[in-house]
Each structure stands twice: as C-alpha cells, then as structure tokens.
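Protein sequences appear in the order of chains A and B. One point on numbering: in the working numbering, the residue at position 205 of the first sequence is 205, and numbering is uninterrupted. Heads up, the working numbering is the position in the second sequence plus 1000, with the first residue counted as 1.
In case anyone wonders, no lab produced these hints; they're calculated from the structure. We treat Cβ as the ideally placed atom computed from N, Cα and C, and that holds for glycine. Among the clues, some could well be false.
Listed next, the in silico SDA-like pairs over lysine to any residue satisfying Cα-Cα at most 20 angstroms (straight line) [to be verified]:
#1 Lys147/A <-> Arg1043/B
#2 Lys1162/B <-> Ala1172/B
#3 Lys1162/B <-> Ile1132/B
#4 Lys1099/B <-> Leu1083/B
#5 Lys1162/B <-> Ile280/A
#6 Lys1162/B <-> Phe1100/B
#7 Lys147/A <-> Leu1024/B
#8 Lys1099/B <-> Ala281/A
#9 Lys1099/B <-> Tyr1044/B
#10 Lys1099/B <-> Val24/A
#11 Lys147/A <-> Pro1179/B
#12 Lys1099/B <-> Val136/A
#13 Lys1162/B <-> Ala1192/B
#14 Lys1162/B <-> Pro1193/B
#15 Lys147/A <-> Phe1025/B
#16 Lys1099/B <-> Lys147/A
#17 Lys1162/B <-> Val136/A
#18 Lys1099/B <-> Gln12/A
#19 Lys1099/B <-> Leu22/A
#20 Lys1162/B <-> Ala281/A
#21 Lys1099/B <-> Ser11/A
#22 Lys1099/B <-> Ile35/A
#23 Lys147/A <-> Val136/A
#24 Lys1162/B <-> Pro1179/B
#25 Lys147/A <-> Tyr1044/B
#26 Lys1162/B <-> Asn283/A
#27 Lys1162/B <-> Arg1103/B
#28 Lys1099/B <-> Thr216/A
#29 Lys1162/B <-> Pro1090/B
#30 Lys1162/B <-> Leu1188/B
#31 Lys1162/B <-> Arg1260/B
#32 Lys1162/B <-> Gln12/A
#33 Lys1162/B <-> Lys147/A
#34 Lys1162/B <-> Leu19/A
Chain A regions said to be covered by chain B (calculated; three or more residues, Cβ under 8 angstroms) [unchecked claim]:
#35 23-30
#36 245-259
Quick list of simulated restraints, FRET-style, between CB atoms [claimed, not checked]:
#37 Leu197/A <-> Ala1196/B: 44 to 50 angstroms
#38 Phe1253/B <-> Phe44/A: 23 to 29 angstroms
#39 Gly1053/B <-> Leu201/A: 52 to 58 angstroms
#40 Trp14/A <-> Ser1062/B: 43 to 49 angstroms
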Amino acid sequence: MRGSMSLPVRSQGWVGLGLVALPVVLLAWLIIYPILSAVASTIFVAQPGASAISFASYQFFFSDQYSRANLWITLWTTLVCGVLLLAIGLPIALYLRFSRGPLSAYVQGLAIFPMFVPSIILSYALIRTIGPNGAVDVLLNAVGLPKLPSPYLTPWGPVIGLVWDNLPLTVLMLTAGLGNIPTSSIEAARDVGASPLRVFLSIIMPRMGNSLLVTTSFAILGIFSSFTLPYLLGPASPEMMGPFMQRTFSDMNDPVNALTQAVIAFGFCLVFGVLYVRSIARNRGGV
Amino acid sequence: MRYARLVMAEMDWIGALLALLLTLFIALPLVVVGTWAFSEVWRYPAVIPQQFGLRYWSLTLSRTDVWDALFLSLRLATTVTILSAVICLPAAYAFARMKFPGRDVLFLSFLASHAFPKFGLLVAIAGIFLQIGLISTFWGVVLIQLVGTLMLMIWIPVAAFKNVDRRMEEAARDAGATPLRVFWSITLPQAAPTIAAALLLTFVGTFYETEGAWLIGAPQIRTMPVLMVTFINNQIVVQYGAVLSVMLWVPSFVALMLARRVVGTGTFARGLGA
Chain A
1 MRGSMSLPVR
11 SQGWVGLGLV
21 ALPVVLLAWL
31 IIYPILSAVA
41 STIFVAQPGA
51 SAISFASYQF
61 FFSDQYSRAN
71 LWITLWTTLV
81 CGVLLLAIGL
91 PIALYLRFSR
101 GPLSAYVQGL
111 AIFPMFVPSI
121 ILSYALIRTI
131 GPNGAVDVLL
141 NAVGLPKLPS
151 PYLTPWGPVI
161 GLVWDNLPLT
171 VLMLTAGLGN
181 IPTSSIEAAR
191 DVGASPLRVF
201 LSIIMPRMGN
211 SLLVTTSFAI
221 LGIFSSFTLP
231 YLLGPASPEM
241 MGPFMQRTFS
251 DMNDPVNALT
261 QAVIAFGFCL
271 VFGVLYVRSI
281 ARNRGGV
Chain B
1001 MRYARLVMAE
1011 MDWIGALLAL
1021 LLTLFIALPL
1031 VVVGTWAFSE
1041 VWRYPAVIPQ
1051 QFGLRYWSLT
1061 LSRTDVWDAL
1071 FLSLRLATTV
1081 TILSAVICLP
1091 AAYAFARMKF
1101 PGRDVLFLSF
1111 LASHAFPKFG
1121 LLVAIAGIFL
1131 QIGLISTFWG
1141 VVLIQLVGTL
1151 MLMIWIPVAA
1161 FKNVDRRMEE
1171 AARDAGATPL
1181 RVFWSITLPQ
1191 AAPTIAAALL
1201 LTFVGTFYET
1211 EGAWLIGAPQ
1221 IRTMPVLMVT
1231 FINNQIVVQY
1241 GAVLSVMLWV
1251 PSFVALMLAR
1261 RVVGTGTFAR
1271 GLGA
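Working from the sequences, and respecting the hints, build out all of it.
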C-alpha cells in the first residue's frame, strides 16, 4: 500500500513534521516557554554576580493579607460556581437526555445560547439587569416587592456572570457523558420497578464519574483565572486572581509579583489540568 | 405503556419549569440590553422605557473612538485569522492524514494547552513580551490572540480532513491525477464547509477577545471590547454600550449560528474531552 500523497512512508514522516512545525514552534514559544520562564524568573532572582534561588516573592504573597484575601475569594468563587454549575447543569442535561420534542429543543437552545454571547456583552447586560435600579429591581418593584440588595460589585456578581457564561459547556459535556449510557440498561432497571431516583443513583451516576470529572475540571480551569467578568462585575477589594494579576502587572508595573501570582494560579489548577489532560488522552486514544 | 406516558407527562412538567427558569436567567439580561439600545429615556421604576428612539445610535456612530476601535478590531481579527489558517491548516492536514514520529503527543499537546488557567498563561506571556518590547503593540496583541486560536483551528479541520471520502481520492489518483490535483479538486472541496466554519469561529472569537487585548494592548491598542470596558469603567451614557452590544452582536450571532450548523454542537463538547 502506498501512503497518502503517494509518498514513501519515510519521507512522509519528514513532510508531516514539516507541516506541523510552525504551530509546534508557536506552542513552545508562547505557551511552554512562558510558563517555564515564569517559574524560573520568580525563583531565580538576579543577585549581584550570580543568580540565587529565592522564594521571597512567594513568601510575600502568602504573608500579605491582601494577596491571601484575593486567593481566598478566588477559591470561594470557583467552588460556588462549580457547585452551582453542576446543580443547574445536571438536571438540564438529564432532561435533555431523556426527552424529545419542541420544549426540549427550546431548553437546549437556551442552555447553549450563552456560548454565542461574548463575556464583554454579558457583563454589560448583567450590570443593567442585576445592578442598582436594574431590570430585576424594576420587575420586583412592578409586582410590589421590595428591592433585593444588588449583587453587582459584590462577590456574587462574578458568580452569576460565570455561571451564565459556563453553563453551555457544562450542559454539553454532561449531555455527551449521559449519551454514553445505553438506554437499554436504564430501561432494564425501570422494568424491574426502580424509581427514577434509584435509576439516577445506581445506574446513571456510577457511569458519569469521568464525565463529571472532566466537566468540573474544565469549568474550574476557566473560572479560577477568569478576568473580564470578575473585573467588571466583582468588588474592587478583595478581587479575584485574574483582575489581581492584571492590576499587579499593568497598573502596579510589578511583573515579578504578577508572575508569582500566575505561578500560584498554575499550582492551584495543576490537579484539574492533569485530570483534564488525562481524560482527553484516554478518550481520544491518539488522533 | 401507561408508565411511559406517566414519565413523559412528568418530563413535560420538568421541561416547562426548566424552560421558564432558563428564560428568566438567560434571556432577561439580553432583552434588557436590547431594550436599552433603543430607548432614549428609561428612568427607574418604569418597566417600559419612557421614550423609545434611535437618537443614541446616531450619537454612538458619530464617535470617532468607536470607528477607530471597530476598524482596529476588524484589522486584528483578519490578521489573526489569516495567520492562524496559514499556520494551522497544513498542520491539521498532517495530523489527520500522515504518519510521523510524535504525532499523537504533539496533537495532544495542543489540546493540553487548555489545561492551564488562561489568564495566568496570558500574564506569563506578557512577562515574555515585556522583555522583547511587544507590550502595547499591534503585533503583541496579534500574537497573544493567535495563541488562543491554535487549538480550535487545529482540531476542527482535523475532523474535516478525516471525514473526506478516501475512496474518491483513490479513484482520482488511479485516473492519473497528481497528489496536488487530488488535494485541490477532491479533498479541499469536501473539507471546505467545516474549515470555513472554523475560520468564522476564529474570526468572531478573536474580534471579541478581551483579556489578551486588555493585558497586552492597553492603553495604546483599543479594540472594540477594550473600548466597551472603558465605557463601563467610566460610566459613560448607558446607551453607548447597549448600542454597541446590539450592533456588534447580531452579525456575529448570525455567523456563529451558520458555523454551528456545520460543526455541530456535540463536536465542541467532544473536542473539549467530554
């Protein structure tokens, strides 16, 4: 058999490597090198004469009360968003898995819709909706209810925005996971009289482990270092790691501490990154 | 049978509830911003604006900073999309069709580039750009946005090239066509719709890319999203931002719907490892 393009296999190898060389170089230069460089430049501090290993910037981060508060609010936001996304996404995905018809298409359409709304437009829309005297206040007032305290510029502002923004991928990934569970095994359980709750706990959940893991990992990676939504909807202090890094880098003109914050963000997300990569590697089994 | 019907009725009830809640949660903010774009006076606590009109459209469109940002964003998005296509499409073909050492590891490493918290990565890149003077430059923003397009621009076209009917290619080759001719007349036309969708997604995604542009470009490079951020920060007239949202979002929404028709929603999920 000849290979594609009628080239002998050996030269095909070189042509293939040549074709992928550019993006690989870009990947190495703009992803791998910056990460290694960020780690190196925050640990090896230039001293007169030679550079020495120093954890001073990390010591500063973990001893500085403001930095710790920012890390804490980031972890809190990530956790709350993760829990809310699963609590909202799982019922929607379950519904979409087991129902057909126009109503199901409408629910799917709405759940996917935020994918087509850039976060800058979402921020704008949410300020007008949940901000002071926004649409929620208008509607509550119209039906004679008192105003709620506005979540805008509180830690709940970014939570609402991030859940809105991440809902489509959560639903899609969970629906894809549910799609892998054969209908026959669910029907078999139903036939022997298992209640829907029992089917969910004994048949569906045990098979959703991997899917839940990928979905949560992906959401956490996105939320932990989100920038636009917390920057525009969240409080100025404490702030999430995204806005904190941006302010340290640009406004404070302090790249060393900004890079330290970035490396700390990598560290906290490492577990989820590894889980995510392991799962895509297993699902694909190569190209 | 009766049990099935009972379950269906239950599902409809749940469906109606989900539809109602999702409508409130997802649609309300968008309806609000759409209404703001067409209202001249909307004071609390009126549910409906006191006065509708297009006055703010002409006011927004007469601002020079809006036009500057629009043309800059279009120039950036076009540059990034073309570069991304030139760099990624040949690689996608190689990943889909050729055997070479390290293929699987390299392909996986593109997907793995999403395994880092994105803004941390951007800050790490900004640290490099600071040393080589790319901060606040057009090409600095091009490069940082290019990084974000790599994965999408590789894995969607890989799927496209893999779905091309191999028998047609072999038939053409048996009839004496040169490899280039086969690629040009058989492979490319079949893969074209999906590749076009990937280009469209890349263009729209780059147009709205905010984080890299803000971190690397500000304050010199003011793209459309960066301009909208400054509108929010400076609390300029509400309608400016609303008008821009509607004006920019509608064409991109149409484009994305077209792209989705070709690529299919499930592909997104699968591509991300679901």
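The hints, checked one at a time:
Proposed proximity of Lys147/A and Arg1043/B is supported: the alpha carbons are some 16 angstroms apart, at most 20 angstroms. Of the pairs offered as hints, the one joining Lys1162/B and Ala1172/B holds, with about 17 angstroms between alpha carbons and a cut-off of 20 angstroms not exceeded. Proposed proximity of Lys1162/B and Ile1132/B is contradicted: the alpha carbons are some 40 angstroms apart, above 20 angstroms. For the suggested pair Lys1099/B and Leu1083/B, the alpha carbons sit about 25 angstroms apart, so the restraint of at most 20 angstroms is broken.
For a cut-off of 20 angstroms, the pair hint linking Lys1162/B to Ile280/A stands: about 18 angstroms separates their Cα positions. Restraint check for Lys1162/B and Phe1100/B: satisfied, since their Cα atoms lie roughly 16 angstroms apart, inside the 20 angstroms limit. Restraint check for Lys147/A and Leu1024/B: satisfied, since their Cα atoms lie roughly 17 angstroms apart, inside the 20 angstroms limit. For the suggested pair Lys1099/B and Ala281/A, the alpha carbons sit about 18 angstroms apart, so the restraint of at most 20 angstroms is met.
At roughly 65 angstroms between alpha-carbon atoms, Lys1099/B and Tyr1044/B are farther apart than 20 angstroms, so this suggested pair is violated. Using a Cα cut-off of 20 angstroms, the hinted pair Lys1099/B and Val24/A holds, with the two alpha carbons roughly 16 angstroms apart. For the given pair, Lys147/A sits about 69 angstroms from Pro1179/B by alpha-carbon distance, which is inconsistent with the 20 angstroms threshold. The straight-line distance between the Cα atoms of Lys1099/B and Val136/A is roughly 57 angstroms, outside the 20 angstroms bound, and the hint therefore fails.
Taking the CA atoms of Lys1162/B and Ala1192/B, the gap is about 12 angstroms. The hint holds against a cut of 20 angstroms. Annotation: proposed proximity of Lys1162/B to Pro1193/B holds, straight-line Cα distance about 14 angstroms (limit 20 angstroms). Distance check on the hinted pair: Lys147/A and Phe1025/B sit about 18 angstroms apart at the alpha-carbon level, within 20 angstroms; holds. Under the criterion of a C-alpha separation no larger than 20 angstroms, the hint pairing Lys1099/B with Lys147/A is inconsistent with the structure, at around 64 angstroms.
For the hint pairing Lys1162/B with Val136/A, the CA-to-CA distance comes to about 49 angstroms; that exceeds 20 angstroms, so the pair is violated. For a cut-off of 20 angstroms, the pair hint linking Lys1099/B to Gln12/A stands: about 7 angstroms separates their Cα positions. Between the alpha carbons of Lys1099/B and Leu22/A the distance comes to roughly 17 angstroms, so the proposed pair stays at or under 20 angstroms and holds. Proximity of Lys1162/B to Ala281/A is assessed by CA-CA distance (about 18 angstroms); at most 20 angstroms being required, the pair is judged to hold.
About 10 angstroms separates the Cα atoms of Lys1099/B and Ser11/A, which keeps this hinted pair within 20 angstroms; it holds. Distance check on the hinted pair: Lys1099/B and Ile35/A sit about 30 angstroms apart at the alpha-carbon level, beyond 20 angstroms; violated. Of the pairs offered as hints, the one joining Lys147/A and Val136/A holds, with about 8 angstroms between alpha carbons and a cut-off of 20 angstroms not exceeded. At most 20 angstroms may separate the alpha-carbon atoms for a hinted pair to count; Lys1162/B and Pro1179/B meet this at roughly 17 angstroms.
Pair hint Lys147/A plus Tyr1044/B holds up; C-alpha atoms about 12 angstroms apart against a cutoff of 20 angstroms. Our distance criterion of 20 angstroms between C-alpha atoms is met by Lys1162/B and Asn283/A, whose separation comes to about 17 angstroms. As the CA atoms of Lys1162/B and Arg1103/B are separated by approximately 15 angstroms, the hinted pair is consistent with the 20 angstroms bound. Among the hinted pairs, Lys1099/B with Thr216/A is inconsistent with the structure: their alpha-carbon atoms are about 34 angstroms apart, more than 20 angstroms.
The straight-line distance between the Cα atoms of Lys1162/B and Pro1090/B is roughly 13 angstroms, inside the 20 angstroms bound, and the hint therefore holds. Under the criterion of a C-alpha separation no larger than 20 angstroms, the hint pairing Lys1162/B with Leu1188/B is consistent with the structure, at around 12 angstroms. Between Lys1162/B and Arg1260/B, the direct Cα distance comes to roughly 19 angstroms. Compliance with the 20 angstroms bound is thereby established for this hinted pair. Annotation: proposed proximity of Lys1162/B to Gln12/A holds, straight-line Cα distance about 17 angstroms (limit 20 angstroms).
Taking the CA atoms of Lys1162/B and Lys147/A, the gap is about 56 angstroms. The hint is violated against a cut of 20 angstroms. For the hint linking Lys1162/B to Leu19/A, the alpha-carbon distance of about 16 angstroms falls within 20 angstroms, and the restraint holds. By the rule of at least three residues with a Cβ nearer than 8 angstroms to a Cβ of chain B, the coverage given for the segment 23-30 of chain A holds, with 5 such residues. Here the segment 245-259 of chain A counts 7 residues with a CB under 8 angstroms from a CB of chain B, which clears the bar of 3, and the coverage holds.
In this structure, Leu197/A and Ala1196/B meet the distance hint of 44 to 50 angstroms, their C-beta atoms being roughly 46 angstroms apart. At about 48 angstroms, the beta-carbon gap between Phe1253/B and Phe44/A misses the expected band of 23 to 29 angstroms. At roughly 56 angstroms, the beta-carbon separation of Gly1053/B and Leu201/A lies within the given 52 to 58 angstroms, and the hint holds. For Trp14/A and Ser1062/B, the Cβ-Cβ distance of about 57 angstroms falls outside the hinted range of 43 to 49 angstroms, so the restraint is violated.
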